[in-house]
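Enquirer: Chain by chain, the residues:
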Amino acid sequence: MEDFRTPTARARGLGAARGGTRDFWYQRVTSALGVLLITGAIIVVIDSIGADYDDVRALLSNPVVVALLLLALLNFCIHMRIGMQVIIEDYVHQPMAKVLLLIVNAGFSTVIGVVGAVAIIKIAFSG
Amino acid sequence: MRAFLPLNFGTDTASWVAKGKIWNTPAGAKATRVFEIYRYDSESGRGPRLDVYHIDRGSCGPMVLDALIKIKNEIDPTLTFRRSCREGVCGSCSMSIGGRNWLACTQRIDDIEGSIRIFPLNHFPVKKDLVVDQRHVLAQHQIIQPWLKTAKPAPEGEWLQSPEDRVKLDGYYECILCFSCTGGCPSYWWNGDRYLGPAVLLQAYRWIVDSRDEATGQRLDTLEDPFRLYRCHTIMNCTKTCPKGLEPAKAIARIKAMLVARQH
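Chains as they are written, first to last, in the working numbering: chain A, 1 to 127; chain B, 1 to 264.
Among the hints, a few may not be true.
[Said to hold, decoys possible] Simulated coverage check for chain A against chain B, where a stretch passes if three residues somewhere in it have a Cβ under 8 Å from a Cβ of chain B:
1) 23 to 31
2) 35 to 43
3) 57 to 63
[Stated by the list, open to error] Pairwise CB distance ranges (calculated):
4) A:Thr39 to B:His264: 22 to 28 Å
5) B:Thr216 to A:Ala17: 48 to 54 Å
6) B:Asp170 to A:Thr6: 54 to 60 Å
7) B:Gly10 to A:Thr39: 39 to 45 Å
8) A:Asp47 to B:Arg117: 55 to 61 Å
9) B:Val52 to A:Thr39: 56 to 62 Å
10) A:Gly34 to B:His264: 36 to 42 Å
In short, the hints are calculated from the structure, not lab data.
In this text, a Cβ means the ideal position worked out from N, Cα and C, and glycines have one as well.
Chain A on its own, in the form it takes in the complex:
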């Protein structure tokens, strides 16, 4: 179908969404926080190498440790959701496929976050 809209009409499109700043800001904040949180999380994991279940449970009974792991998980789930959304918006142009993938992306990040958080809390409070 030939498009008879003027170049101005095409360029203006649906107008400005007046959004995007929050995702942009969260992506930067979660990047910076992620450096600190992943360092802490890696130390916890290295500390747990070779440990049995009771040792890990004892480690996670420390509220600072369990908070660190939960914050790291939340941080990276937010970062992952925004990052993947940007990639989908960049490269997927078919409207239906785009909306579907955006929903799947948000759902995936949420499920990973909830499952991970339940697992950490379960270990931490199983004593």
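Got chain A sorted already, so can you dock chain B onto it with the hints?
Expert: Chain B only, in chain A's frame:
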């Protein structure tokens, strides 16, 4: 699967560049340079081709534009390209030269090794040879309203501006809208229908940062959009390919910083 990964990423086989005509080496030339130039006529019904020209370096000026003019005048008058000022001010002769978008009039022939490949600016629809259709990007430029906007009536004299505020325009007011940066931006390739691109955003910043302008917030409103502005992923091709040495990526980063600043 085909819908997601179409053959050759969906490029029309008719757009593949075929081998073109090889024009004869000029008689009596001591030193020649080879120019491989993209040739295409959108009205011909035929696909594009790459013609090869041999230029007598001894009788040609120093710049790529000199060679193009020489080809048009002496070898092949059908070669089509835009040019006007021939000194890096008008922005007409931007094209892809040796794989980089630049102005033909400020690109020295001797600074490129081997044969010199010249294509139209990346991404833009080609009308003929090196002339591209810029209607969309010029319409996008209109969106940012590139003129002084004030609620107050104009004073009898000029709008006053301190030397410190005037300095803030340096590095931005010099843009000549050649669109080398926009043509070189991968984000613009994927989403140029909605993303405004580096040239237009640099121009937008030039007016946002102008102390005499009274529409700063309104200008930011116009840009606050996941596609119009936030498709910029700081790839920095724009800064690398600006023939005026400007930094569109920096201008875009400053617009984003302002949008964050007004949230808190």
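Enquirer: Which hints from the list above does the structure break, by number from lowest to highest?
Expert: 2, 3, 5, 6, 10
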